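**Q** These are the residues of each chain, in order.
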Amino acid sequence: MASETIKYTGFSLAKGKELTGDDFYDVKTIGELTVAIVCDGVGSATEGAQAAKRTTQHLINNFKIRPKSWSIEKAIKSFIASINSILYQESQLNYESSELVTTLTIVVIQGNKLFGANVGDSRVYLHRDGKLNQLSYDHAMDEEGYENVLTQAIGIDKEVEPYYFENLVEKDDKILLCSDGLYNVLDPDILQERISYGASALVKKASKIENDDLLDDTTAVVIEILKADEYLTLRRQKLEIPQTLKKGQEIDGYTLIKPLIQNERTWLVHKKTKDYVIKFASFEAIEDEAMLDLFVKEAWNAKRLKANFFPKAVIPKTRTMRYYVMQLFHGEDLDHYLGHKQITIDDSIELASTLLKMSQFLVKYDLVHGDIKPQNIMIAKDDDENLEFKIIDFGSITEIFSTDSQAGTPSFLAPERFIGESISETTEIFSIGVTLYLSLTGKYPYGEIEPFQNPTFKEAKAPSFYNKNIPNWLDSIILRAIAIDEEQRYSHYSEIYYELTHPEKVKPYFIKNAPLIEKSPHIFYKRAFTLMTLVNFALIYLLLK
Amino acid sequence: MAGFKDLKGQGDAPTLFMAFLYFDMSFMVWTMLGPLASEIAEALALHGHILTEGEIATLVSLPILSGAILRIVLGFGVDKLGAKMTALISQMVVILSLITAYLMGESITYEVLLIVALGLGFAGAAFAVALPQAGQWYPPKLQGVVLGIAGAGNIGVVIDFIFAPKIAEIWGWYSVFGVGAAMAIIVFIAYAFLAKDAPSSVYKANPKKLKDYGKLLKDKDTWWFSLFYAISFGGFVGFAGYMKVYLMNTYQADMSAFGIDIFNEENVKVIAGYFGALCIFAGAILRPIGGNTADKVGGVKSLYFFYGAVAFLVTLTALVDLPFYAAILVLFLIMANLGMANGAVFQLVPQRFGKDIGIMTGLVGCAGGLGGTALIKTLGWSKGTFGGYTEGFLIFAAVVLVAIAGISFVKTRWRTTWGVQAGGRI
Chain R
392 MASETIKYTG
402 FSLAKGKELT
412 GDDFYDVKTI
422 GELTVAIVCD
432 GVGSATEGAQ
442 AAKRTTQHLI
452 NNFKIRPKSW
462 SIEKAIKSFI
472 ASINSILYQE
482 SQLNYESSEL
492 VTTLTIVVIQ
502 GNKLFGANVG
512 DSRVYLHRDG
522 KLNQLSYDHA
532 MDEEGYENVL
542 TQAIGIDKEV
552 EPYYFENLVE
562 KDDKILLCSD
572 GLYNVLDPDI
582 LQERISYGAS
592 ALVKKASKIE
602 NDDLLDDTTA
612 VVIEILKADE
622 YLTLRRQKLE
632 IPQTLKKGQE
642 IDGYTLIKPL
652 IQNERTWLVH
662 KKTKDYVIKF
672 ASFEAIEDEA
682 MLDLFVKEAW
692 NAKRLKANFF
702 PKAVIPKTRT
712 MRYYVMQLFH
722 GEDLDHYLGH
732 KQITIDDSIE
742 LASTLLKMSQ
752 FLVKYDLVHG
762 DIKPQNIMIA
772 KDDDENLEFK
782 IIDFGSITEI
792 FSTDSQAGTP
802 SFLAPERFIG
812 ESISETTEIF
822 SIGVTLYLSL
832 TGKYPYGEIE
842 PFQNPTFKEA
852 KAPSFYNKNI
862 PNWLDSIILR
872 AIAIDEEQRY
882 SHYSEIYYEL
892 THPEKVKPYF
902 IKNAPLIEKS
912 PHIFYKRAFT
922 LMTLVNFALI
932 YLLLK
Chain Y
1204 MAGFKDLKGQ
1214 GDAPTLFMAF
1224 LYFDMSFMVW
1234 TMLGPLASEI
1244 AEALALHGHI
1254 LTEGEIATLV
1264 SLPILSGAIL
1274 RIVLGFGVDK
1284 LGAKMTALIS
1294 QMVVILSLIT
1304 AYLMGESITY
1314 EVLLIVALGL
1324 GFAGAAFAVA
1334 LPQAGQWYPP
1344 KLQGVVLGIA
1354 GAGNIGVVID
1364 FIFAPKIAEI
1374 WGWYSVFGVG
1384 AAMAIIVFIA
1394 YAFLAKDAPS
1404 SVYKANPKKL
1414 KDYGKLLKDK
1424 DTWWFSLFYA
1434 ISFGGFVGFA
1444 GYMKVYLMNT
1454 YQADMSAFGI
1464 DIFNEENVKV
1474 IAGYFGALCI
1484 FAGAILRPIG
1494 GNTADKVGGV
1504 KSLYFFYGAV
1514 AFLVTLTALV
1524 DLPFYAAILV
1534 LFLIMANLGM
1544 ANGAVFQLVP
1554 QRFGKDIGIM
1564 TGLVGCAGGL
1574 GGTALIKTLG
1584 WSKGTFGGYT
1594 EGFLIFAAVV
1604 LVAIAGISFV
1614 KTRWRTTWGV
1624 QAGGRI
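One line per chain: the protein sequences are R and Y, in this order.
Quick note, in my numbering, the first sequence goes up one by one and the last residue is 936.
Quick note, in my numbering, the second sequence goes up one by one and the last residue is 1629.
In case anyone wonders, no lab produced these hints; they're calculated from the structure.
Fair warning: there could be bad hints in the mix.
To be verified - Below, in silico cross-link-like pairs of lysine-lysine (DSS-like), each with a Cα-Cα straight-line distance of 27 Å or less:
1. K638/R to K1614/Y
2. K638/R to K1504/Y
3. K1423/Y to K849/R
4. K1423/Y to K834/R
5. K1614/Y to K834/R
6. K637/R to K1499/Y
7. K1418/Y to K852/R
8. K849/R to K1580/Y
9. K649/R to K1504/Y
10. K849/R to K1499/Y
11. K1418/Y to K637/R
12. K629/R to K1418/Y
13. K1423/Y to K637/R
14. K649/R to K1421/Y
15. K649/R to K1423/Y
16. K1499/Y to K852/R
Claimed, not checked - Quick partial rundown of chain Y residues pointing at chain R, CB under 7 Å, derived from the structure:
17. D1498
18. G1501
19. V1503
20. Q1554
Predicted model only: the values in this text are computed from it and were never measured.
Ideal placement from N, C-alpha and C gives every residue a C-beta, glycine not left out.
Okay, chain R solo, but in the shape it has when bound:
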């Protein structure tokens, strides 16, 4: 199996002449993760093999449905704890002793980060610059003659304490996961020498040394890093960041024509016969690591996130300064457009569905846009004079569920974002809702909010209050998207998208603290009656006086 950046192989042989052994392994690409596992079942009976297989499958399956908000470390530790507990209790119930026992090594690679853990004596090695380093820790007794006695294993006790480790990987690194069958036969220098031939070559070599009669089940998984993480490569490039940029200046064949944003880091440029947009890193990024990180991330996102609602972007291979180039959209942004026109209901539905498609596209990468607002939406017209929308600004795209992101424009932020909650589908839906509200009514639902303000949110007026053309169902969708209370808001893109495309299914929206006359007309009229009676008495008194 291979991908652009990672190649992996796995191979296992049973001991002696047996058909199946007690070892089990698996390697899978799950989203942006590569997960590799080797387990070595303990004991002579079939329970060891079963434990190895089930542990492997348990971990792989759980990684497939891992809650996105969990860190890799938390996932690894929790999944190990849960399979340990399952196997231990099952053993106690069925055999009254620990029979379902296995060792475990797991390695998870995400970008340039390696996360790993082991329980028992199966090992993880990292091969770099011709040297082999053991990353795992053998849970085995030190005393001579007892090397095979494990001090830790999955399923042996109620609790397990895995040895957890992390590392950074580089281009050409190789990672080896293996059972003790392999390293007991092959010396480190042979492993070192032959690792590049892959897992099956290693296991077969071991088998050959033992004259095809292995003493123990022997398993290896080899992961090869073909390409360093692209983000890291970009980050490490030594590039100039210009302090000032001038009209007419030429950079790598692009002529600067005029700045597009007040900070003068985004320019309209001209090369050969075409116009483009160039965005430069801010000058502070020279000293400020965090700023540089942000810019590199932005450029990398711009380059890799290809979809028809984003401008096409490239990072020229031969650039001499830190910038990236984007396709130029002709036309105006939605904010500008709203300054002189209101959009139609049909256009607003098109806008909503474009924003939702973009959000659904990003969430596949575990990303969110983070700054959805009219200024970041460009308008184009198709042949039938219908509006088409493109989304710009890669600068605030960030990992979903991150809490440290500063991204966003206050007026478009969900209330819970002001108290430090993480960015999520529902907070993005809120921004989409505010954008729709503003586009259809020209007003912010909760007023314009400044940076560093702790706003108070009061129920917004229905958009139809300002724009009579808005149908009831769309009114309800927008109100449900901008609900102050998270509970009342859509929690997933799919929900709002479904309602948007099925108007007949939309239920009317009521705010939680609806006014008394809506909630309880009875009490309302009773109080009104009392009040009117008093007023009448007062009037009678005044008349008679």
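Put chain Y on the given structure of chain R with help from the hints.
**A** Showing chain Y alone in chain R's frame:
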């Protein structure tokens, strides 16, 4: 929001208390020349030196000017010598200045008074010492409460206006300096025993470098905030310092009648002090309200409102010949809005400048002092040149309008770039 309760068991209460007392005392001494200006002018006139309006303004504004600059100097002192040592040295200078004025008494000359005024600037710079010293002891989430308590020393100027003229009447104006010196010595002794610098286990010093100042001065926002604070704080100390001179020059007859009718007080200077205290009190006490308002509705919106109100009210004072009570009400409202604007500016500064807050407080505070000096000099010049305050007030109103325009000019940029780049809260 952290409250007073949370302070229990945290930090060092004696230091917090002494920081408050030291700051209150300093503020009182710093602004002492304002309420005594008319008495001093009369005394010097007896010895043949009739002060011009410009000279009075210079005398009243000099402590504010030297205080503004010394703030930055003492800020470095805190880094090099520690807060306590810096505080003790500057208190010594202040005590010596006060004693000089007291001992020379009636025979003092204008020139010596100017030197005393410079010395009093050390008291005005107490901002840069007392606030960080109290702050060092406490964790970040309690900083707001702690600085609020220590900063309540602003009220010192009100105390001046209430008591200084009466003391001057009974024992002579120079005895106010004597009383001040006696109190300052008591505070000095108490401070020497009770206040402590935070040990390194509690607070890790992060010395400021000249380079950091340079870097911040390149940031345009630094200049805008300096202008905003030069107007709000400068307006506050400027009007406070000049309040008595202004009231005496403009409403002496009204105040005289009021004093005899209501307080049975024949000394109009005492009455002027009371009215001055009333207006200044509004500015001092409403500062936190301004901060809260900015927090709720946004700093930019609230500054528009406060500055707008100030510009309108100041123009009104300049152009309309208001009856006495209306004039006092307008002055009261001007001071109230300036006080709230102070709070609003300082709701924004920490969030905009994050880790550079220490240096920014120094720079912005310095600008505030310079603004106050400029305001007093402008009012003095207006009276001296045109015989009235109309021109001076109009100039101030014009500067406020520039600031309002400035807010509109920069707010779009703030709105788009603050969140990501400031590294602060959203």
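**Q** With reference to the structure, classify each hint as holding or not holding.
**A** Going through the hints against the structure:
| no. | hint | result |
| --- | --- | --- |
| 1 | K638/R to K1614/Y | 26 Å, holds |
| 2 | K638/R to K1504/Y | 36 Å, violated |
| 3 | K1423/Y to K849/R | 35 Å, violated |
| 4 | K1423/Y to K834/R | 31 Å, violated |
| 5 | K1614/Y to K834/R | 19 Å, holds |
| 6 | K637/R to K1499/Y | 41 Å, violated |
| 7 | K1418/Y to K852/R | 46 Å, violated |
| 8 | K849/R to K1580/Y | 47 Å, violated |
| 9 | K649/R to K1504/Y | 32 Å, violated |
| 10 | K849/R to K1499/Y | 13 Å, holds |
| 11 | K1418/Y to K637/R | 23 Å, holds |
| 12 | K629/R to K1418/Y | 24 Å, holds |
| 13 | K1423/Y to K637/R | 20 Å, holds |
| 14 | K649/R to K1421/Y | 24 Å, holds |
| 15 | K649/R to K1423/Y | 22 Å, holds |
| 16 | K1499/Y to K852/R | 20 Å, holds |
| 17 | D1498 | 5 Å, holds |
| 18 | G1501 | 3 Å, holds |
| 19 | V1503 | 5 Å, holds |
| 20 | Q1554 | 4 Å, holds |
Going down the numbered hints, you'll see the structure goes against 2, 3, 4, 6, 7, 8, 9, while the others check out.
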